[in-house]
Each structure stands twice: as C-alpha cells, then as structure tokens.
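Keeping the supplied structure of chain A fixed, place chain B upon it in accordance with the hints.
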Amino acid sequence: MSARAPTLPKTAGAIGLTATAILWLGLIIVLPLVVVIFEAVKEGPSPYLAALAQPDTISAIQLTLLVAAIAVPLNAIFGLAAAWCITRFEFKGKGILLTILDLPFTISPVISGLVWILLFGANGWFGGWLRENDIKIVFALPGLVLATVLVTLPFVARELIPLMIDQGTDEEVAAVTLGARGWDVFFRITLPNIKWALLYGVLLCTARAMGEFGAVSVVSGHIRGLTNTLPLQIEILHYQYESVAAFACASILTGLALITLVLKTLLEWRFAGELAAHRRH
Amino acid sequence: MTSSATPARAPVPEGFKPPKASLHTRVLPGFKWSLGVTLTYLSLIVLIPLAALAARPWEHGLQGFLFNLTDGRVLSALRLSFSVAAAAAFLNLFIGLAIAWVLTRYEFPGKRLMDALVDLPFALPTAVAGIALTALYAPNGWIGSLLTPLGIKVAYTPLGIFIALVFVGLPFIVRSVQPVLAEFDAEVEEAARTLGATPIQTAIRVILPGLTPALISGFSLSLARAVGEYGSVIFIAGNKQNVTEIAPLLIIIKLQEFDYAGAASVALIMLMMSFGVLIVLNMIQLWISSRGQGAAK
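Protein chains in written order, with the working numbering: chain A, 1 to 281; chain B, 1 to 297.
Just chain A, with the same shape it has in the complex (with noise of 0.2 angstroms):
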C-alpha cells in the first residue's frame, strides 16, 4: 500500500476544485469568524470594552469558567477510569459500555439539559424531595454542572481508549512484574504515556464546556448575574438588540474557540505519535 504523494494542483479541473474549496470556507467558515469581530469593535474600542465591563457579563465569565472548572475534571477522572477498564481488561458487556459511553454526542443538547428537568425539577422524580430539604439543582449552579457533564462526557475517554488499545499493555505488565504497585504503575508508566492525549481530550472538552448552549440554557433559568453563562448572555444581549455587546462576548468565545484550534493543531504535528492514530496528521 502506498499512498499519493499530493502534488500542486495542475489541470483545470484541479484548479477549478481547490478554489472552489477555498472559496467554500471562506464563504460558510471564515466570514462568520470575521463578522463576529467585526460587529464588536464597529463602534470602536471603547463600547468593546465598556461592554465587556458590564458586571452581568463579567459575572456570566465567571460563571462559565467555574462550571468547565468541575465538569472537565470529572469527566477527565471518569475518562481515566474508563480507558483503564475497557483497555486494560476483558469483560463481558464491554461492546454495550462503549456505547453508553458516546451516547451523549448523538443525543440533542437539549434533551441532555431536559433529563435534569425531569429528574430535579419541580414536577421531577426528586423535586417534591428537594424542596422539603430546600436543595437547588436546576436553575442553579448544580443544575449546569450536570448538564455540561453529560454534554462533555465522551472527550476524554474518546481520546484515551483508542491510543491505549494501540499501545498495548506490555510495559505495565512488565512493571507488575518486576514488582510495581498499582498506583505507581499508572503515575510512572500510564500517564506519562498517554499524557499528550489527555491534554488533547481535556482541550477539546474545556472547548465544549465553555461553549455549550443548548443544555445549559434548558437548566439555567436565565438569572441575570447568577445562572448565565458566557453563551447565555449573548443570547439575551441578542434579544435586547444590544448588537455591540452580544458580539463583544461572542469575540471572547470565538478568541477561545481559535486558540483551541491553534493548541490542538499543534497538540497533532508536535506529538503526532502520541495520540490516537486518527488524531494524526
């Protein structure tokens, strides 16, 4: 098997076909990311960064930032102990596990932040309960934790499963062996080397997290400086025809979603071969 080496585009045809793709993302890709900064600034810095400053948004940045501050690192822990189990051991049942584990990418963000509802609202399973013991998990910070969780919850097990399939369970066998104990085994041999693709899995569900709409807009009751995150105040910026500000925190997202971008692009040409194989480039 030997692949094609590409070549300059030469013929008309192939010409014809790299402009058009060009041309295509610039259309459907690009001019959306330059519309985006471009309504921020059109009034110039100054209503930018007065809109930034309001104390709403700044709370909605916060907030954002604490709720991808506890959900990533729970589906980071639970990705560890996911990959451990599915790649390190045989078990009947394994094929309906991994599909349990990426059902939350084919569900809708909106059902993923409805089943909160349904469990710990107040016509819910647990709402009668939670409101005898005066517990808040929807239209509270609880509530958006769980619904980012689910929402993110594949990334880095994602990430993990396939490189550890590829790299086998050798070195730690040979360190049992020898006399390891458990966590030294997976402190010394594991993790420095799936280390890369962890980070790779945490990045994209840092991404995720920050920027999820739909489940969190289902659970957070839209409580102006206390359950809106960064994507929920654009959405009532919108809506109050406040052009300059909506974009402005559109700005911020899209700055994050570009040095996302950027960090995996050279997360897969640095350390090509430490990641999953269809991560590489």
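Heads up, none of these hints are tricks.
Below 27 angstroms or equal to it, Euclidean Cα-Cα: the simulated DSSO-like pairs (lysine-lysine) are:
id, chain 1, residue 1, chain 2, residue 2
1, A, 264, A, 195
2, B, 32, A, 92
3, B, 32, A, 94
4, A, 10, B, 111
5, B, 240, B, 153
6, A, 42, B, 153
7, A, 94, A, 195
Hints are computed from structural coordinates only; laboratory data are not their basis.
Leaving out everything else, chain B in the frame of chain A:
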C-alpha cells in the same frame, strides 16, 4: 477500510483486540476500582437521566403519548428538523468530499491553515455561530443585502436553518473521508489509469466505491448532530410556529409551559427516530463493506 457507523463522533475501534498478553491481563491492578467508577458515573450521568426521560411521556398512558405526537405543531417541527438536517448533510456529502480531496491530493500555500479551519464549527460555540450567521444573512447583513434584491430570503426562513446546519455538519464529512482518501492505494488508481480509464472514470468507478463506507459514516454523524442542533439554529430561524420552529426548540417551549410529559414525548420520539436512521445507515454501510470485500476476493 474498517470504519463503522456508530452514533459516535470518532470511529469506534472495531473488534477490540484484547491486549496481547491476555494471560497476564488480570495481572494489572485496578480492575474493580476502575470498572466501579465507570459504571457508577455512567449510571448517574447517562442511564438514570435517560430512564427518567423514557418514563415520563406515559403519564396519561399510551394515548397521552400519541396525542402529544399527532399534534400538528409537533409533527411540523419534527418534519422540519429531520428534512432540513438530511438536506444539509446531503449537500455536505459533496462539499465535504471535495474539500477532503483537495486537502489530501493537492499541495498549495495555506493548505495547513485550511485544514485547521475545517474544525472551526466543532470549536466555535453554537450561540456564537448562531448570531454570526444571523448577522450575515439578515436582510441588512453582508450576504443578506446581496440576496434580498434577488428575492432570496435566508434569515428567518427554513433556508436559514439549512445554512446553519451546513456550517455545523461540514467537519464530520471531511474528517470521516480524509483519512481514507489519504491512505488510498495509489497503485490501484494507476492501474485503472494504465488500463485506459479517464481521471473522472477512475474517480467514480475506482475511488468512490472505496469511500462509500466513510461517506455514509460521515453523513450519519452530520445528520445526528444536525437533528439535535439548537444554538446555531434558533437565532437565524426566526422560530415561527409551524414554519421555522425546530423540534429541540419545541421541547423548550413545552418545558416553559410546564408540560413535562409533552416535552419528554417530543424528546423521546426524536431520539427514537435518530437511532432508527443511524441503525439503517449503519446496516447499509455494513452491507456495502461486506459486498466490497466479497468482490475483492
């Protein structure tokens, strides 16, 4: 070619090979611990919540469920969500293939940047995409103002939903096809060319059949994502009842009316329809792959 159409974003590694040292497998520590954490977490975060969803629509029995679904507003929302999602995934099939082709076959300045940009719809929060597309395609927007004199309305029509879903779905097709195309055996192509096939004949009769499983898998992922998409759609859709009201939005509207059973009914039927479509596409893909292997022998 060992790709399979699972409802996942990344291809599931097929035929999980147990680690080579299967005799030693249980030598490694932490089986009970890691499996325990995994099962507990999946139960709490995925299974129990989904059970709550599956149980909810039946408050008023089967009739209540059916009543919720045969409502005209629900039917037109479901029809809209699935048909526009399918149309967008279909268009992306061709564009995604063209972009993957250009990225794997040609060398030109800025190619790496272009390759990285393909993932932007994955990375850009949906609400940002939503307001950006609305600003572009609104009647006074950069693109909208060019189209309005031609009598084409994009924002606040189903066409606007289509544009948003084309944006969201593009990377799925490119990233499914690209690795297969990159590893396509050059000798097979050269053989076809030597035997007198034109470049277009080679593309259609030699390369395309090899790509079909990857295309179907990309189409499935793109479709599944588009059906449930919310953030990038609601701003540009205008959300007019029975015209541009998508199914995920209807779930939220029913929740705001405290109609939990109604919201859960729409959600459950959406999930069932999505899984149905994915299973059918998965079966078609398996059938094509097995036929392809049979022909190769």
